[in-house]
Structure formats: C-alpha cells, structure tokens
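Going down the list, the sequences are from chains D and C.
Counting in full-length UniProt numbering, the first sequence runs from 1 upward without gaps.
Counting in full-length UniProt numbering, the second sequence runs from 1 upward without gaps.
Calculated from the structure, these hints are not laboratory results.
It should be emphasised that the depicted structure is a prediction, and the values quoted were computed from it without experimental measurement.
Some hints here could point you the wrong way.
[Said to hold, decoys possible] Quick look at which bits of chain C chain D covers, simulated, 3 or more residues with Cβ under 8 Å: (1) 19-28; (2) 190-204; (3) 207-217.
[Stated by the list, open to error] Which stretches of chain D does chain C cover? Using the computed rule of at least three CB atoms under 8 Å from a CB of chain C, they are: (4) 92-106; (5) 121-128.
Just so you know, even glycine gets a beta-carbon here, dropped at the ideal spot from N, CA and C.
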Amino acid sequence: MAHGHGHNPNEKVVYVGDSRIRKPSSVKPAPPDYTSFPGKSEAFIPNFLLKEWMAGVVMLVGFLVLTIAEPAPLGYPADPLNSSFIPMPDWYFLFIYQLLKYPYTSDQYIVLGTVLIPGIAFGALLLAPFLDTGKERRFYRRPIASSLMFLSLIAACYLTWVSWNTYQGELEKNGVVPEQIERAEKSKESIEQGKGRYIYGREKEVALVKADDPAFSIMQKAQCIACHGTELEGGAGPSLRGIGDTLQKDQIVDTITNGRNNGAMPSFKDKLTSAEIDQVATWLSEQKADAAGSSE
Amino acid sequence: MFKGMYNWIDERLDVTPMWRDIADHEVPEHVNPAHHFSAFVYCFGGLTFFITVIQILSGMFLTMYYVPDIINAYYSVDYLQHQVAFGVIVRGMHHWGASLVIVMMFLHTLRVFFTGSYKAPREMNWVVGMLIFFVMLGLGFTGYLLPWDNKAYFATKVGLEIAGSVPWIGGYIKELLNGGSIVGAQTLTRFFAIHVFFLPGVLLTLLAAHFFMIRKQGISGPL
C-alpha cells in the first residue's frame, strides 16, 4: 500500500510515513442525504429516539406502578424435605410444564414432550426464514406460516391457562395459601404486634419471666398448658410468651373470665376463683420480651 | 470547552464518522409512532433493550447485597428486601422486569414475524434474535433459583428433571447444571455464575451482532 505516494482524495484516512500518524483531513463527513427515503424520515438521534422514548415512558410508568404496588414475592427458605410444596415454574415456562402432564408426553413418552414437540416448535421458529422463503411479506398472503404461528400461540396460551387453573384448584383443594402471601401476612401481623418483622427460622423465643411464680402452677392445674404448651410456648392455642407486650392485665382477665373466639379459648370463670384469675393475669401481663431479655 | 475536548479527541481517534453512523442514519416514516400511531409496534424491540438495560443495572445493585450460598442467600434477599433503602424497589424492578422483558421480546418477535421482516436478506438477524430469546429464557430460569426459597428450589428441581429426561445427553446436562447429583450448594453457585457472568456475556455479544446487522441492513420497508 503506497500511502506515502500521493493519496486518493476519496480516502478519508490518510497515513503519512508512520502508519499510526494521520494527516488531518479538512473534509468533514457530511450528514446523510435524506431524500433517498420517501416520506418524513428523520435522524435517529435525537429526533426519532425522543419519539420512541414516549413509548418507553408509557411502559416505564406501568412498570414502576407494578413494582411499587406489588413487591417481589419471597417465600420461606428452601427445604428439600418439604413434601407438600406444589412446585410451580415462572409463568412463561408454564406451557411446557403443562405439556408434560399429558399421557402421550409423559412417562415412557417423555421424550416426545421434552425433546420432540418443543424441538420441532422452537426449531421451526429458529429456522423460520429458511422455511418461509416466499417473497410475500403480508401475513395474510402467507397462510401456512401465519396459521401455524396462530395455532402455536393459541396452544401456548391454552396450556398456560390450564396450568395456572390447575394450580389454583390444587391450592384450594389442599387449603394451601402460597408461601409468599402467608409470609407477607405473618410479617405484617408480627409488626402490628410490636414484635418486629417476622423472619422464618429466625423467630426469637421469648423466655418466661419469673417462671417459679405460683401463678404458673395455677395455670398448670387449670389445664391452660393443654393448649398453650407445657412451657406456654404455644400449641393448639397461641404462645403466651411475651403476651404482656400485646395485652394489658384487664384484657387478660377478660379473656380468662369470658373466653375468646366463640369458645376456642373457653371461659375459666367456673374453674378458677376471681382471685386466681387476677393472680394469673398479673403474672401474664408481666411476660414482656424486654423483661425476659434482661432476666436471662 | 466541550467542543475543544471533542475536537482534541476527534483529531486523534477520528470518532466523528462513528458518531455520524450511530446518530445520523435516517429512520423512515412508517416506523415512527409520531406519524402513524400504529407504528408503536415497531417500538417493542427498543423497549426490550430498554428493559434489558434496567435488568443489568438493577442486577448490578442486587449483587451488592446478594450472597450466593445456601445458608445466606435467602436471608440476604430478605435483608435486601426489607432493610436496605430502596431494596424493595430494586428487587421489584429486577423481578417484574424479568417478566416484562419476556413480554416485550415476545411482542417484538410477533411483530417481526407478522410483518415478514425476517425474509431475505435479514435471515441471520432473525436467527440471532431467536438465540437472544433462548438466552433470555435461560436468564429467567437461572435467576428464579437465586432467592433460594421453596418456590425457587422446587421449580429448579422440576426443570432439571426435565433436562435430565433428554435422551443420551440429558444426564450430563443435568449433572453439569446441578454440579453433582442433587440440587444443592453447588447448584446455587453454578446458577449464580451462569446468571451473572456466562449468559449476560453471551447476551451482550448477541445484542451487538443484532444491532450491527440492523444498522447494516436497515429496517425493513413498509408493507
């Protein structure tokens, strides 16, 4: 290449001697000629991009509203021994998940479901330009390609819908609340009770305050522990550890005397004297997380 | 001053032609939503890229707090979601963005399909686009495991069992992704690496090829 020996005026980059040093060119590249396209063409940056940004803003507002209205779900930590959990992939895999549940795409025919059908569908999609080689671009003039696409779309939507519907049915049948919803509710409840945010596996067990108090032996005799647990840690009934944080003494007296939740917590006014009830309530109202922490 | 700086760089690197090539190419009327409202269907590709950028940025912030090990992964996500300022927004954007990018890419694919834009000479760009689609599905699958809750764990287990049912090579694929014979500590670190390094690397390469071809071939003409 004879860069040194006079240069082609059309060549933009001109090298002098050392190939790395350019002779500055006075010719500035001209903006492209817009007349070759019919209609109102315009420059990509900034003219067109600002218009596309309008579509972007519409989408972004929807996106942010969704993000703020609906926090990302989080269930409980993975437990491989949990046998009751109903597995569910993300929504855009549901069609293939459902496909594998039909008799001719599962068990001994599983290869049909996992390789053959998706392989043909996605293979055809990948190679579409080589299968649909006609010059015609309008979809209604390409009946085979278009109808195959419509059919696949309908099939995928149907499978997704069936999968989701089945899942909802199973949840209802087994009386299961999805973990992320249950967790969010427990967390909210826990915050309302002043116990701080609920973190699975990191619950703080509040110790009993004054465990040798005679009130506790009254409760043992009255069979409170049958429901509330031998150490009042909870069982069929709620835990009474730290109950003083949520209930006042007079509320506790009322609960023991009259019961609660239509008899789920029975009335004890016939089994205990009002003096005993008062003694128990006094002791329970002293069950506070702070006091338990300092007594340890 | 900026002009002076620009000229100084331009003298040495000759960036003007590159900038002209990126910025100054003309966009025809039939894809411009300002001229034809229905042309918004041509925006889905750009929107997909926009969300992809959001995914990359939000993902980079998530890795500041996320810990890819089976003891701490769940609690780091919990912490990120509830304790970190704006953590719930950043994780929310990454979570919903993952779905939205699939939606937008799907709509973009349908637009290209039904306008017959994949026809000669643009076959290669369609194939690259489909590869981007598969990479995105891979990103969705690997990202789903990372919070390490029951939903993540069991969905991944099912997914890997499906991969394992492929004849001959299925067992190898499953073991490669699992990092052993069970879904466990190795699986989580592998999925993390695939989600954060391998697939984004492939994705960016494919996107570069996609945009290069669009620039070379121009957008398909009006129907």
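- Which hints from the list above does the structure break, by number from lowest to highest? 2, 3
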